[in-house]
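Model the full assembly from the supplied sequences, consistent with the hints where possible.
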Amino acid sequence: MQEAALIVSYIVIAYMLFSSLSYLGLFALAFRKVKREAKLDKRESTEDFLRNQATYPVSILVPAYNEEVGVVSTVRSLLALEYPEKEIIVIDDGSKDSTSLRMIEEFKMTKIPFAVRMHIETAEIESIYQSSIFPYIRLIKKANGGKADALNAGINLSSFPYFCAIDGDSILENDGLLKTMKPIIESDGQIIVTGGSVRIANGSTISRSKVEVIGLPKSPVVLMQIVEYFRAFLIGRLALSHLNILLIVSGAFGVFNKERVIQAGGYNKNTVGEDMELVVRLHRLLKEEKSKQRIEYIPDPVCWTEAPDSLDVLKSQRVRWQRGLFETLWTHRKMMLNPKYGSIGLVSMPYFLFVELLGAVFEFVGYFIIFGGFFFSLVDPQVAGVMFMVTVFYGSLISALAVLLEELTLHKYPNVSHLVKLYFWALTEAFWYRPLMVLWRVQGIFAAFRKKAHWGDMKRKGIST
Amino acid sequence: MNLFFFWMLSLSLFIGQLILLGILAWRKQRTNRKESSVDRQYNELTDAFSSYMMDQDDTRFLQQLDASPDKLVVLERLLNHYVAVTKAGDSSAVITALSEQYLAQRYAKLLKQRNWAMRMNTLYFIEDFRMASLIPQLNERLAKHSTSLDQETQQLIRTLASLNEPAAIEALAKYPEAPARLYIDVFKRLDELTKLGELEAALEGSANPALKHAAISYIGMAGIMLFLPRIEQELENEDPETRIQALKALLHLQYMNNPESLAPFFRSDSWQERMFASQIAGALQLSRYKELLSDLLGDPIWWVRYSAAQALTQFSDGDILLAHLSTNHPDRYARDMANQWKTSLLGSEQ
Chain A
1 MQEAALIVSY IVIAYMLFSS LSYLGLFALA FRKVKREAKL DKRESTEDFL RNQATYPVSI
61 LVPAYNEEVG VVSTVRSLLA LEYPEKEIIV IDDGSKDSTS LRMIEEFKMT KIPFAVRMHI
121 ETAEIESIYQ SSIFPYIRLI KKANGGKADA LNAGINLSSF PYFCAIDGDS ILENDGLLKT
181 MKPIIESDGQ IIVTGGSVRI ANGSTISRSK VEVIGLPKSP VVLMQIVEYF RAFLIGRLAL
241 SHLNILLIVS GAFGVFNKER VIQAGGYNKN TVGEDMELVV RLHRLLKEEK SKQRIEYIPD
301 PVCWTEAPDS LDVLKSQRVR WQRGLFETLW THRKMMLNPK YGSIGLVSMP YFLFVELLGA
361 VFEFVGYFII FGGFFFSLVD PQVAGVMFMV TVFYGSLISA LAVLLEELTL HKYPNVSHLV
421 KLYFWALTEA FWYRPLMVLW RVQGIFAAFR KKAHWGDMKR KGIST
Chain B
1 MNLFFFWMLS LSLFIGQLIL LGILAWRKQR TNRKESSVDR QYNELTDAFS SYMMDQDDTR
61 FLQQLDASPD KLVVLERLLN HYVAVTKAGD SSAVITALSE QYLAQRYAKL LKQRNWAMRM
121 NTLYFIEDFR MASLIPQLNE RLAKHSTSLD QETQQLIRTL ASLNEPAAIE ALAKYPEAPA
181 RLYIDVFKRL DELTKLGELE AALEGSANPA LKHAAISYIG MAGIMLFLPR IEQELENEDP
241 ETRIQALKAL LHLQYMNNPE SLAPFFRSDS WQERMFASQI AGALQLSRYK ELLSDLLGDP
301 IWWVRYSAAQ ALTQFSDGDI LLAHLSTNHP DRYARDMANQ WKTSLLGSEQ
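Keeping their order, the protein sequence lines are chains A and B. The numbers in my numbering rise by one with no breaks, and the one at position 156 of the first sequence is 156. The numbers in my numbering rise by one with no breaks, and the one at position 158 of the second sequence is 158.
Since the hints were derived computationally from the structure, they do not count as laboratory data. It cannot be assumed that every hint is accurate.
[Stated by the list, open to error] Incomplete in silico selection of chain B near chain A, CB under 10 Å:
| # | residue |
| --- | --- |
| 1 | N2 |
| 2 | L20 |
| 3 | W116 |
| 4 | F125 |
| 5 | Q151 |
| 6 | A180 |
| 7 | S217 |
| 8 | D336 |
| 9 | N339 |
Glycine is no exception: its CB is placed at the ideal position from the N, C-alpha and C atoms.
So, in C-alpha cells, the structure goes:
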C-alpha cells in the first residue's frame with residue numbers, strides 16, 4: 001500500500017514540476033508578443049476602421065434566459081458601441097420572467113413577420129419583434145432550448161457576415177468590438193474567429209460602457225479569480241494562440257465568421273461548453289480542409305464581466321466549465337494525438353487534457369497524499385513534505401509569478417497597492433482557494449457523466465451604473 | 001526525495017519574487033508619478049493651447065510650453081487630442097506647424113527605434129499632424145524595412161499617402177498580395193487632384209485587379225460622378241469581380257446614364273449580380289424592371305429574394321404589389337418574403 005502511494009506521489013510531483021516548467025516555457029513564448037504591443041496606441045490603431053467601409057458589419061447576439069433585470073441595460077450599453085454598422089438581436093429562450101416584455105416596452109418593439117432562413121434547426125420560434133426607435137434592434141421569442149439553441153436562432157435571423165455573442169452579465173467596452181474585429185479586417189477574412197479577453201469588473205467603476213476607475217474588489221474569492229485569470233491567460237492561452245493552436249476561447253468574448261459557423265453546424269446543444277466546443281469544431285474543420293484560415297486571440301481586454309462572489313455560484317460555474325471541457329475533449333477525441341490535425345492534435349489537445357482537465361485530478365491526489373502522509377502515515381512524512389512544497393510551488397508561487405508577469409507586461413491595475421495586494425493574495429492560493437477549485441473541478445468531471453445541459457444560474461447584481 | 005532541496009528551491013524562488021515585486025512596485029510608483037506630472041502639465045497648458053489655436057499671436061502658450069519639463073510628451077498629447085476631437089480631415093496648418101517645430105526631430109529618431117509599438121505610434125502621429133518634412137525618412141524606412149507587407153509597411157504606406165505622396169500606390173503595387181482595402185486606404189488619403197489622376201490611371205490599367213477593384217469601389221463610396229460613364233463601361237468587363245464592384249459602385253452613385261445595361265444581370269448565373277441588379281432597380285426606381293423583380297422574389301437565394309422585395313417597396317405602388325405577391329406568387333418562399341416586407345421596413349444602423 002505504502003509503496004503504491006509512494007509511486008503515485010512521485011508521479012504527482014513529477015507532473016507538477018513538469019507542468020510548472022511548461023507554464024514557464026509557454027510564458028516565454030507569449031512574452032514577446034505582449035511586450036511588443038504593450039505600448040501601441042490602441043485608439044490610433046483602430047480609429048481608421050470607424051470610418052471605413054471595409055469594416056464588416058456585425059450582428060450582436062444576446063441570448064437571454066430570465067434576464068429581466070439586466071437585459072435592457074445590456075442592450076443600452078451595446079447601443080453605445082463604436083462601430084460603423086451593427087444589429088442587435090436579443091433571443092429570449094423561453095424565459096419565465098418578463099425578459100421580452102421589458103425589451104418590448106423599453107424599445108417600443110412591434111411584432112414583424114420575418115422570413116427567417118433556417119440555416120440551423122432550432123426550437124420553435126414564437127415571434128419576432130423589431131424596435132420602432134432603433135430598427136436594428138430585434139427580439140426573438142422562442143421556446144426554451146438552451147443557450148446554444150438560442151444562439152443558433154440568433155444566427156438564423158442575423159443578416160451580417162460576422163456575429164458575436166455576449167452574455168447578459170457582460171459589458172463590452174466602447175471600442176471592444178472594433179478592437180476584436182481588427183485582426184479579421186486586417187487579414188481580409190483569413191481569420192475566422194477572434195477572441196478578446198474578458199476582465200473581472202467587480203471593484204471597478206463602469207458607467208455607460210466605459211470603465212471609469214479600475215479597482216480591486218474586497219472579496220477574497222473575487223480577488224483570487226483575478227489572479228487565476230492572470231495565470232490562465234498570461235501563462236498558457238496567449239502562447240497557444242500565438243502558435244495558432246489555442247483550442248478554447250473560453251472566458252473570452254469572440255467574433256465569429258457566420259458562414260464558417262453555419263458550415264460547422266452551429267452551436268452544439270448537447271454540451272454546456274458550447275463556445276469552446278464550437279472553437280474546437282472550427283479548428284477541426286480548418287484542419288480537415290487544409291485551410292489557411294486561422295483563429296486568433298488578442299491580448300487586449302475588451303469585455304468586462306461580473307465574477308461570482310459567492311462560493312455556491314462559483315462552484316456551479318466551475319463544475320459547468322470543467323464539464324464543458326470534458327465534453328468538448330470527449331466529442332473530439334478523434335483529434336487527440338492524431339497527426340492529421342497537426343499541432344492541434346499533437347500539442348493542444350493533450351495540453352488541454354493533461355493540464356486543464358486532468359490537472360485537477362493530479363492535484364487532488366496530491367492534497368490527499370499530503371493529508372494522508374502527515375496524519376495517517378500513508379507515505380513517508382519526508383515525501384509528504386516534498387509534496388507539500390511542490391504543491392505550494394505549483395499553486396501559490398506560480399500564481400504569484402503570474403501577478404508579477406502581468407505587471408511586467410500589461411500592468412492594467414493602476415496602483416502599487418493593487419500589485420502588492422494581488423501578489424500576497426496569490427501566495428495564499430495553495431492553502432484555501434486551490435483546494436476548493438480542485439475539488440469542484442473533479443466534481444465537474446463526474447458531472448459530465450451525469451447531467452443534461454442547462455443555463456447557468458447567477459444572481460445578477462449589475463455592474464454598470 | 002530531499003526535502004531540504006525543495007525547501008531551499010522554494011525559498012530562493014520566493015525571495016527572488018520578492019525582489020522582483022520590489023523592483024516592479026518601485027517602477028510603478030515612478031511611472032505613476034511621472035504620469036501625474038505629465039497630466040498636471042497637460043491640464044495647465046490646455047487653456048493657453050486653446051487660445052493659441054484661435055489666435056496665433058497669443059504666444060503665452062509657446063512660452064508656457066517651453067517652460068514645461070516634459071514639453072514634447074505634453075505637446076504630442078495636446079495635438080493628438082485636438083485632432084481626435086476636431087476630426088480635422090484637412091489637418092490644421094497650426095497643428096502641422098507646431099509639430100514640425102517641436103516634434104519632427106524626435107519623430108525622425110523614433111522612426112529608427114527598435115520598439116515596434118513606438119514606431120507604429122510615431123507613424124500614426126506623423127499622419128495625424130501631416131508632417132511632410134519627414135517624407136524622406138519615411139521613404140527611406142519603406143525602402144529598408146519593407147520585405148513583407150506587414151502592419152508597419154501598411155502604415156508606412158498610409159502615412160505617406162496622407163502626406164500626398166502618389167508613390168504610395170507604386171509602393172503598394174510591389175506586393176502582389178496587397179488587398180483592395182489597402183488601395184482604398186491610399187485613395188482616401190490623397191488630395192483631390194492627385195486622387196483623380198490616380199483613379200483614372202487605375203481604371204485604365206488592367207494588370208493589377210486589386211487596384212482596379214479598389215478604384216471602382218472608392219468611386220462609389222466617395223460618390224465621384226465624374227467617373228460614372230467609366231463605371232458603366234465596366235459592366236461589360238469579362239472579370240466577374242470587376243462587374244460586381246461596378247454594380248456596387250452604381251448602387252452607391254444612385255444614378256445610371258443607361259439603365260438598359262442592367263437588364264442582363266437579372267438573369268445572371270451569379271447570385272451577387274442578381275442581388276445588386278435588384279437593389280439598383282429599387283434605389284433608382286426603374287419601374288421597367290418590376291416584373292423581373294417579382295420573378296426574383298422566388299429566387300433560390302435568400303439574399304436575392306430579400307433584395308427584390310426590398311426593391312419593390314421603393315416604388316409608389318410597392319405596397320399593393322407586395323400585398324398581391326404575398327398571396328399570389330407561385331413560390332412559397334416568395335410569398336413569405338413579400339409578407340415580411342409588406343408590413344415592415346427592416347433596417348440596420350447605417
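Quick rundown of the hints versus the structure:
| no. | hint | result |
| --- | --- | --- |
| 1 | N2 | holds, 8 Å |
| 2 | L20 | holds, 5 Å |
| 3 | W116 | holds, 5 Å |
| 4 | F125 | holds, 8 Å |
| 5 | Q151 | holds, 7 Å |
| 6 | A180 | holds, 8 Å |
| 7 | S217 | holds, 8 Å |
| 8 | D336 | holds, 4 Å |
| 9 | N339 | holds, 5 Å |
Every hint, counting from the list given before, is met by this structure.
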